[in-house]
Amino acid sequence: MKLIFDKSVPGRRGVQMGKGDVPETVNIDKKFLRKEDATLPELSELDVVRHFTGLSKQNFGVDTNFYPLGSCTMKYNPKMAEKVAGIPGFADLHPLLPQLRMGGSLTQGALHVLYETDLLLREIAGMAAFTLQPLAGSHGELTGMMIMAAYHRDKGNKKTTVLIPDSAHGTNPASAAIAGYEVQTVPSDNNGVMDMEAFKSMINDEVAGLMLTCPNTLGIFNKNIKEICDLIHSVDGLAYYDGANLNAIVGHSRPGDFGFDIMHINTHKTFATPHGGGGPGSGPVGVVEKLVDFLPVSLVVKRDDGTYALEYDRPKSIGYIAPFYGNFGIILRTYAYLLHHGKEGLRRISENAVLNANYIKEKLKDDYHLPFPQLCKHECVFSAEKQLEHGVHAMDIAKGLIDAGFHPPTVYFPMTVPESMMIEPTETESKETLDSFIAAMKDLAQVAKESPEKLHEAPVSTTVSRMDEATAARKPCIVCV
Amino acid sequence: MIPENLYYTKEHEWAKVDGENVTIGITDFAQEQLGEVTFIELPKTGLSLKQDAMVAAIESTKAASDVYSPVTGDVTEINQALEDQPELLNDDPYEGGWVCKMVCTDPGSIENLMDAKAYDEYLKGM
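As they're listed, the protein sequences go chains A and B.
Take 1 as the starting number for the first sequence in the working numbering and just add one per residue.
Take 482 as the starting number for the second sequence in the working numbering and just add one per residue.
FYI, nobody ran anything at the bench for these hints, they're computed from the structure.
Backbone N, C-alpha and C define an ideal beta-carbon position, used for all residues, glycine too.
Treat each hint with caution, since some may be false.
[Claimed, not checked] The list that follows gives simulated cross-link-like pairs (lysine to aspartate or glutamate, DMTMM-like), each with its CA atoms no further than 20 Å apart:
#1 605/B - 182/A
#2 475/A - 501/B
#3 531/B - 182/A
[Said to hold, decoys possible] Beta-carbon label-pair distances, calculated as ranges:
#4 79/A - 545/B: 49 to 57 Å
#5 236/A - 593/B: 53 to 61 Å
#6 588/B - 446/A: 50 to 58 Å
#7 446/A - 547/B: 34 to 42 Å
[Claimed, not checked] Calculated from the model, a selection of chain A residues having no Cβ within reach of chain B, i.e. all distances over 12 Å:
#8 185
#9 325
#10 393
#11 450
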């Protein structure tokens, strides 16, 4: 497809401007004026419409195709939540309004949404209170680790390290490090979960806490979770629950009941809010009773007369971590989603997410190596080891899937499995979709055996064929137009 | 091929020991696992490191991973060629792809390393 600049024809215009009745004078100091005209494409309106409509048709997303990108939970977001977020009474609210004199009375509906979402999340997670401010899951992690640091500072604890398993998301060590801690990596055992003996040997008075995802990145639920939290508490450490995989257990079990003290929720994974594109995101953080004082300001409180207000007078708070009240539109979508599904609906979300992942796991285990064959939760991890015997890597399978009309799974993560392919179907896909994906994967396994060179060339059906990722990263050609 | 004259770590770094001077890098196995290297964050000269402390960070098209110092010592020289040609780590891990040179301040740390034979067996056991 040609760039819009390549389609430019000198002199072509979308609109012919009439002669102005204002004198043509320029009041800008000459030193600020550009020396030569900007190079802009010259096109008709129809040229532009066709160009961008053509581009939009090349978009690949959950609204067009199956997208089993493991760990990312690329589920379908019901349009209902989008519609609610678009209600003018919400969409047109100015964020300063509740802080202006008498403005609170004009924003009771929005404050009600924030207040009620906090209550619902408490019930779902088993936590004492939530802040809805963090603007992404990773931002939630940082907020949580800052709360952990504030707790230890407040108690006069001298803590230096945070323990994180080797299968953790990369953001965990980054968050702990930015909060001022040294990170120690706990190895996995042969079952793919955190090695208990190694973990026990690393616990000492220096340990500020542990960051853990459960189920973990391999989709495996850690059966020692209660003991793990107890061990961390034995040195006055705090247990942080990375809520990235909460969608696997929501409605069935609660991190607060496992013994976790702090957690974040990725609203785009567990509930239905938009994915990716750099935001807007939301990563609410919940804490147990002893940490409530450290939550960021502001918090929404309910007065005796039933009206809502923002509370800022919280002396132990870690302070502001985001402007205003977080990404309100995303919290609103979360609230709509929670009310829409209710308790029973939420249970069925995690049940179907787990069922779908296990269905794929069982159907493909003869075709691809399955390093951890036990029951999985919301995602399953295969290895392309068998295909490697024919010179076919996980990356080749991924590219082959693009030709078959599917988004590839996550490859080469988790790093604890060589040639890993991490498949997360999510709960929103039908059996028919899963079956056609399974058929495509089986087909690719066959091609890998019979004509591996075909997969080295994939994808062949796309506008742009296989990218040279190494050169792109080594010698990036970044052009500003 | 695993060069006979080097020492090795379980994390797949190599160390070439010449008296107190030690040159370090990553093994062929390490570069194979990483895939095409796109970037390396090198240490600053003068940095004092304990054995197993992080000395560099490597990014590849597959992953980001840390390089740990095989010995205790001070960094004296870094391989600046890697900044423009990170592919040297893939193409020539034992020679042109060296990471940095150090002065070893604790000879005992060298004794913890594997020789070529032990590393070869370690790889076979993986």
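Checked hints:
no.	hint	verdict
1	605/B - 182/A	33 Å, violated
2	475/A - 501/B	37 Å, violated
3	531/B - 182/A	15 Å, holds
4	79/A - 545/B: 49 to 57 Å	37 Å, violated
5	236/A - 593/B: 53 to 61 Å	34 Å, violated
6	588/B - 446/A: 50 to 58 Å	57 Å, holds
7	446/A - 547/B: 34 to 42 Å	39 Å, holds
8	185	9 Å, violated
9	325	34 Å, holds
10	393	9 Å, violated
11	450	25 Å, holds
Hint compliance for this structure: hints 1, 2, 4, 5, 8 and 10 are broken, all remaining hints hold.
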